[in-house]
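Colleague: So you can see what is in the structure, the chains are spelled out below.
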Amino acid sequence: MESRMAGKSKTGATKGAAIIGNSIAAVQAALTLAQMGVEVKLITNSPSLGCDGIISGVSNTSPQDKRFILPLLLQALKHPLVTLYTRAKVESIVGNGSDFRLNLVQMPRYINEELCTSCGSCQAECSARITTIVEGHKIEHTAIHTPLLKSRAVPSAYVIDKNGLAPCQVACPLGINVQGFISLLANDKTDKALGLINESAPLAGILGRVCKHPCEDSCNRSKVDAPVFVRALHRYAADNAPGGTVYKHKLPPKSREEKIAIVGSGPAGLTAAWELTRRGYSPVVFESHSVIGGMLATGIPRFRLPREVREREIEAITKLGVNIRTGITVGRDVTFVYLKERGYKAFFLAIGTQQNNKLNVPGEELDGVVDCMSLLLTLNLKVDTFVGSKIVIVGGGNAAIDCARVALRSGAPKVTIVYRRTRAEMPADPEEVTEAIHEGVNIEYQVIPIEILGNGLSVTGVRCQKARLADEIMENGQQKPEPIAGTDFIIDADHVVVAVGQSSNASQLDIDGLKIEARTGVVKVNPLTLETSVPGVFAGGDCITGPNNVVDAMAAGLRAAESIDRYLRGNHLEAGRSLEPPKTAEVALGAVEMSHYKRAIMPVIKLHKRLTSLEETTTGLTAQVAHRESHRCLNCALCSRCMECVAACDLKAVFHDDVDKRSELRAQAVLKFVNADLEVDSPNDNGVLKLVDGVQLISPDINGDLATQLAQAMAVALETAIAIKPRRAKKKHVVQSEVPPFQSELLSKQAVKSRRIGVFLCRCGDSISSVIDFEAIARDLSGLSRVTFIHEISQACTEAGAKQLAAKVDAQRLDNVVLAACRCCNVEQICYSCTDRRSLCLKYMNKHLISHRNTFMEFVNIREQCAWVHKDRPRDATIKATRMISSGVSRALAASTVLLPEQPVLERVLIVGGGLANLAAARALTTRGHHVELIATHKAGRGREEEDTLIREILGQLRKKNVAIRPWPDALRLIGSPGNYIADFHYVSQAESVAIGAVLVDIEGLSKKASSQLREPSISGLLGRIIARTSSAGFFGSPDTNLLHGVTIKETAGIFLLPSDMGGSSGEQILRGLAAASRVSTYLEQLSIKPRDLAVNIERKLCRGCGDCAALCSFIEMKKADNGIEYAFIDKALCLGCGTCIVACPTGAITQPLQSDKQIIATLCSILGPEQVLSEVSRQVES
Amino acid sequence: MNPEILVFSCNWDGWSCIESAVSSGLSYPPSVKIVRVGCLSRIHAGLILKALDLGAGGVMLLGCEQGRCHFGSNSDCVTPEYEKAQDILELLGMDKSRLTLLRLPAFEGHKFVTKVAKLIKEVKQLSTSGSPKEVGGESVSLQ
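Going down the list, the protein sequences come from chains A and B. Following this note's numbering, the numbering of the first sequence begins with 1 at its first residue and continues without gaps. Following this note's numbering, the numbering of the second sequence begins with 1 at its first residue and continues without gaps.
These are computed hints drawn from the structure, not numbers from a lab. Incorrect hints may appear among the rest.
Listed next, the in silico SDA-like pairs over lysine to any residue satisfying Cα-Cα at most 25 Å (straight line) [claimed, not checked]:
| no. | chain 1 | residue 1 | chain 2 | residue 2 |
| --- | --- | --- | --- | --- |
| 1 | A | K1158 | B | P80 |
| 2 | A | K138 | B | K111 |
| 3 | A | K382 | A | S288 |
Could you put the whole structure together from the sequences, leaning on the hints where they help?
Modeller: Below, the structure written as structure tokens:
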């Protein structure tokens, strides 16, 4: 994934500047440098530019500052010389002087910044609610989000917040994305939840009932109250997904030819077969029983795992294509050698444990003494099996508990379990023990049977001894129970079940060279690969561990499948695998918002019903409870990787496997902005970035106001530009910019009748079309005259979207286009509320449509204004959108021709006033390479020695550089056009004229001059009008508005004012001078300017010379014709486009082509009034 | 049924209020229609009356606070046109409260929503109970 501007600059040569920081000052410095022709690499650790908290309502930034900051961020991002690196950290800098290398690490965004249009379709699907703390405020948002600012973020591309792997997923031996499926359940997407589970493992209905749930044991929620009831939710998904279980292939079925034999159809064998089948193999499973499922069928009683559930799950596996052959015992019916001869290349032994361990006490051979597996098998699969009336079960595992419970259900009145340790040591699931006791099972703890008593034929009782836990520790880490002498007692029994474990019987497989653990009988394997001592033969499940549980057996199946796949492909078996669990996400529980619901309780059937049938004891959660329970999840990993965003994204911009990217940047200068209060700059892991010589550290005065911080940034940018990108004097002044300027050149009036208008509707992913009925709009608009084409488009703000649109314009021979999307005007300016995507939309439309084909475009915002604000009333939103679009059509029809030529800028500046700030500016501009004309008279002895010394010093330097320093003239007149002014100086003895492109005026200097002279210098012409206005009403061109216009509508006049209340220390004055010089410099270096789209036109024939307009606007000049008649005149490049003069004009001489009365009225006609036929409106407009 | 409200909004602080209302999840009725202009001072009394003529029950002029104009204008060019339009409304026998001038700082979405709701309520009252000053209620035609 590349940053949006990446690729713009060629890497290799050391060029430009690197700016590190996220403060607004850093952004300003980047923009200023870029405007001076310097390539800028802007590096921020945040996902978006500027201040994280702004606009979200949590920042303390004042509305006034926000007005400035948002357009500034957009201008910086838009600038072709700025390359932005988001989520980036500079790990080290090497080099010095003017050649630095920066080692950069970019953290993944998981979203392609270039593609993402922030349409929000992904966000609508994301169910992970997470809490972020910004500047002390808690903000709740989804895991996939635009960095807090929503669509106002710059860039607005989404980002996914991730926090590694959730503990539940790490704990799951199968690696099931627990948080993911729970979050899908929270969004009521049961089918998708089951689908996600089934991507990792099969048999969801079984796991949801009998899994030993290590996920719950590791759940962070247990630190708060109780763990999320994951197993119940797992079961809920499996039992309630409307689409049922459908497994998906990873590779086409039967695409791999190698034959694989799997021995045993228990959970391990089934899972291995399932996974291998998904990978394109066709394994054959050999099962010695007539039923499929191993322990699932023979060992787990039906009241815990109903037969229907088992059959359903196994059917889904066979449907996938797994071939299971029952009634075949490998080693007896077919031999290993035979199978090898038949071409089987790989084997998976999953035979489980068949041999029951003995008690090894006298009387074990008596009639009525049985092993637990036989009892469970017969009770599970057959009816009418004999069960005694006084039954004693020896053991403490699940098998013992299951036997006890199944015996109760078969009518045994008295069931006793004897176990040699305490309840805490019992290996059985605690829930099952509790249920068993509840059902009436009597458990004798710390009791060891020493003899089974009989009447010579059948069993009559068990002689036991009390036991205690000895200090001796056994091999399995438990304390050894030891009998206490003299505590013998007898329990009456007519049926004794031995449930003290099973062992494997792998030797019956008769495989040459298969190593088997002598004492326990388990098959020896490499724990990482599960490969046995025989190459190509793998083993897993209970036959390598001894009696264990379903989930671990299934995990072995998956592990073996991976190994077999590698083995058959000839890949290394171990490479890249590890037994180490991945790192678990760390969660600060205090900061997490959580649901107040308590852990759900699994509903159970009534006790008498339990004891009289084999019906499943638990009934599963209801939809409502499951939904509630799913909301208890704390989203430990933040993003749950449920992948809903991937499915939702039209543009395929989401990429969850994104990783850190390292790169080396080269730069001639490095500026690091530090410690600005808004910067979120965490030091590197190894401490603060070590800086080398030559890297400039800039810490903007965070207590100062925004203007001061920006002044610092501009000053440092200018100094950097002077150092690394000297200005070469341009001989030729007129330079065509790359993209021809936006021109709203229209067809002549006569052509209106044959005009073809195309309406394009942007779906914005689905953000607009999910609310607004595009078909209804198309139906209504088709009646509109001149609308010849209506077309839907997915994302208009992408380059592909613009190209698609342009192709349609060509094919349909459209003259005008109305685009209904999020962009809200066709004017090239950046308002306070403009967004990244709106500005890109215009950029691409300009590139492919407007400038190339001279197609006039109208933009109608139907996203915020209709789809979003009226999302609860889709019908009304659609009607409103229709009318707004028709108003766009009307405006297009009513627009009139406008031609806006570019004007060159002379790279020469006149500086008026000899204060320290002005002189500092003069010096900087001279050094930068601009021609400077200076008016300054220095009078020393004002009691400010430091300032005077500095002033004398700078004046000396300027003289050395041959800067002409003039005394104050008696009169100064500025005439001409922006960029090409003529300044006339009148002295008593002589007059002089110079050509200049810009003016910098120290207002303080002017007033001082006025007070020190008898007569105020007469300043006339444009400068005179501006200064007069500034001192009286603060109209157009006060220093503040100068600055603001620079980022919104762009400065065109080139007349810069230094604030009149400057004061401050010498340092502060110099800083302000440099900042002003920097603005003058960027103005001069743009080489040409063009009028604004909204510039007015004054029709001389209609003007009666009343001067009302000129009284309001200092840019309007009252001129006198040769015949003495006065008329108003405005240089188009000066006009700001506010339109105030239009209202003031009594004759209608002033018009605004893009905002004419006619257009406004056409708009009103279209959007107001009763449901009138739209075509009537358009006829009205046309006439 | 809500009366139609036409809002003439300036491009700058005014529009930012409307936009931030939407982005902070607030809403206003669909009967509120917005026409955006570069500066509120572009709107003259004729345009205001045209909106009412075309069926708007009320008109709101939404712009920057005094002294916060994007164009740096300190001279108030809006109020004269606003008052002129109100005077004409009176002459026509319509209630002045159908027209309101709202000046807000940037990004005040909440205030915009509150004020537009207030205007709707007032206009509704005029059309149901009828203002003693209004001759023909809402359907007064200016033509």
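Colleague: All the hints need checking, so say for each whether the structure fits it.
Modeller: Here's how the hints hold up against the structure:
Between K1158/A and P80/B the alpha-carbon distance is near 22 Å, which keeps this suggested pair within the 25 Å criterion. For the proposed pair K138/A and K111/B, the alpha carbon gap of about 24 Å is at most 25 Å, so the pair holds. Proximity of K382/A to S288/A is assessed by CA-CA distance (about 18 Å); at most 25 Å being required, the pair is judged to hold.
Hint check: no violations occur; every hint is consistent with the structure.
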